[in-house]
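Protein chains in written order, with the numbering used here: chain B, 225 to 341; chain C, -8 to 159.
Please keep in mind that the hints were generated in silico from the structure rather than gathered at the bench. The structure presented is a predicted model; accordingly, all values stated were derived computationally and were not measured. For glycine and all other residues, C-beta sits at the position ideal for the given N, C-alpha and C. Hints are supplied without guarantee of correctness; some may be wrong.
Unchecked claim - Below, in silico cross-link-like pairs of lysine-lysine (BS3-like), each with a Cα-Cα straight-line distance of 27 Å or less:
1) B:238 x B:293
2) B:262 x C:-4
3) B:299 x C:-4
4) B:293 x C:-4
Stated by the list, open to error - Some chain C residues well away from chain B (every beta-carbon gap over 10 Å; in silico):
5) 54
6) 79
7) 101
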Amino acid sequence: MTDIDLSALDRELKKGAAELLLLSVLEARPRHGYELGKLIEAQSGGRLVFHLDSLYPLLYRLEERGWIKGAWVEKAGERRRRFYRLTPTGQRVLARQRQTWDEFVEAVRLVTRGEHA
Amino acid sequence: MPDWKSHIRSRLASLRLSPARESEIAEELAQHLEDRWRELIAGGATPEDAAHTARTEFNGARLEALLGTLRQAHWHELPAPGRSRAFSFDSILIDLRHAIRALRATPSFTIGALLVLALGTGATTAIFSVVDAVAFRPLPFPDPDRLVAVGMRANPPVAGARAFLTCT
């Protein structure tokens, strides 16, 4: 029997979760990269921290897939910033990922707490 | 304020980003580091400590590795007209994609070019078939190089004309 590669599972889970997190915080309105990182950190009570070296490659990857779209925005008296917004494809992906994630969490919960129910 | 852009650019140098894209990424990431630096200073850190912390949090090797997996990090520069470039299958695929897009964008030109090509190829093939059958292929007889043409002349030779060839 083959052992489950737990490190690969861990990696995939984190990758999937990171995508879901970014898409979720972009749902309400367009945001720039730094704001995205701070918002995720604040909303998770400091448990989830995105550093620059993983945040931007992921944003660019989602942009290459057409799930989000970045555009430079200039405001009077401020330096220009690149804001990201969810595309219609991104909205569909977010809905699907949310459902998959909820089902996965529920399945894990059933297994881990099943004995005590 | 630290020169964050140069710091980022040094990490992007190994990637094959287009110059415009590299400039955008350097600007965006430098802004992020500057925001973080300012936040640390606002939290009570000295500018030097804030710069040190921001640099420590930034894992350049990881950034390089993750960006390297993106399509945009494999940009191909088009050579200047008349300049040759090294052979690679990637460049052939890029040329093919470019050609298909260009042809799709101009359907009337594509149809015209195809018609000209079809007519040209057809005409060339037809002419070659005739020339091949008449001039290139040997005659369908054994020892065709020994065949001679024999003819008879009805009128007598002109008076005073000299015979150049006499058969015995």
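Checked hints:
no.	hint	verdict
1	B:238 x B:293	22 Å, holds
2	B:262 x C:-4	21 Å, holds
3	B:299 x C:-4	21 Å, holds
4	B:293 x C:-4	23 Å, holds
5	54	4 Å, violated
6	79	22 Å, holds
7	101	28 Å, holds
Hint 5 from the earlier list is the only one contradicted by this structure; the remaining hints agree with it.
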